[in-house]
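Enquirer: Model the full structure from these sequences, guided by the hints.
No gaps in the numbering here: position 165 of the sequence shown is 164 in numbering that gives the first Met the number 0, and each next residue is one more.
Incorrect hints may have been included.
[Stated by the list, open to error] Calculated cross-link-like contacts (lysine-lysine; reagent style DSSO-like; alpha-carbon spacing at most 27 Å):
(1) Lys155 / Lys286
(2) Lys68 / Lys196
(3) Lys256 / Lys223
Worth flagging that the hints you see were computed from the coordinates, not collected in a lab.
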Amino acid sequence: MKKTLSDIVVEILHQTGKSLTAREISEIIINKEPEYCNNKMKNTSKKNTESLISQLIAEIGSKYPQLQKCNVSRTADRPKKLFYNSPINECNIENKNYQKKVSNHNNQKEHELYPKLAEYCKSIGINTLRIDERKSSKNGGENYNIWLHADVVGFKDLSDNYNQATKECLIEYSCERSFLYSFEVKEGIIKNCDLRKYFFQTVSNSSWANYSYMVAEGIEEKAKEELQLLCASFNIGFIQLNKDDPTESDIVIQAPKTDVDWNMINRISDENPDFKQYLKNISLTYKRHSNPDIQPAKWDI
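Expert: Structure follows, in structure tokens:
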């Protein structure tokens with residue numbers, strides 16, 4: 000059976016283990032898949048390598064929804080890069096209990112951290128909403144939704160403390176009025192052996208937001224340098240959560256601001272009713288700018 004472009008892209012990302020732009024992937028295809036490229040040029044008007052690369056770049060971009068189903072994700076930075084997320088059952092997992100923990104993703108200890116995170120976020124002006132991936136469809140198979148949905152999402156209304164006249168002006172004047180946040184929460188101290196699988200789960204399910212964070216109670220000393228490198232490469236931040244006094248939690252690594260990925264937001268809201276409620280809450284907040292009598296949105300706090 001002939002390989003499709005999606006097959007080739009997944010194979011390249013899986014084998015290299017790197018995050019690559021569509022151009023970099025296309026250049027690898029030119030060098031590694033001569034038969035595919037020759038057939039492509041025969042069946043199209045593309046007569047030289049550069050024109051074929053341009054076509055491959057466009058096709059790879061259009062096939063991202065199919066690639067996601069094959070465990071491919073993309074970074075939030077520009078130019079966007081694609082990378083392969085190994086399914087948990089294919090990984091060389093050092094923690095033998097990890098698979099069991101993933102199957103029971105909503106374990107009680109992690110559950111206890113969600114309201115703590117909500118309390119901390121509220122203290123810095125972010126409203127949060129818990130996203131329960133169990134409410135989503137199971138079309139992607141077992142454990143699929145934990146790679147699609149973050150544990151907690153957030154919304155910061157930049158005009159929250161403005162007077163009514165200013166809020167009404169903002170409705171008419173097109174400018175940035177809010178930030179969207181996504182948080183992936185892990186219980187306890189993140190060990191070096193678990194860091195990459197936790198981190199890339201965060202990349203997979205959180206990079207649609209303006210600010211994406213991995214959240215835990217701490218991280219092993221020997222994993223800190225690796226975390227710094229990963230966060231810088233993939234635009235992710237890290238919050239150390241103080242569960243005894245949430246307002247004393249600390250943003251150890253500040254996530255850089257990125258553009259919102261509305262295509263991914265639309266896809267997640269199609270899958271999950273909690274996420275759809277999150278979007279409704281944001282809309283309701285904007286409506287209250289012009290009509291304060293409207294019932295306020297219901298957040299975790």
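Enquirer: Take the hints in turn and mark each one as holding or not.
Expert: Hints, one by one, checked against the model:
1. Between lysine 155 and lysine 286, the direct Cα distance comes to roughly 15 Å. Compliance with the 27 Å bound is thereby established for this hinted pair.
2. This hinted pair checks out: lysine 68 and lysine 196 have alpha carbons roughly 18 Å apart, not beyond 27 Å.
3. About 22 Å separates the Cα atoms of lysine 256 and lysine 223, which keeps this hinted pair within 27 Å; it holds.
This entry satisfies every hint, going by the numbered hints stated previously.
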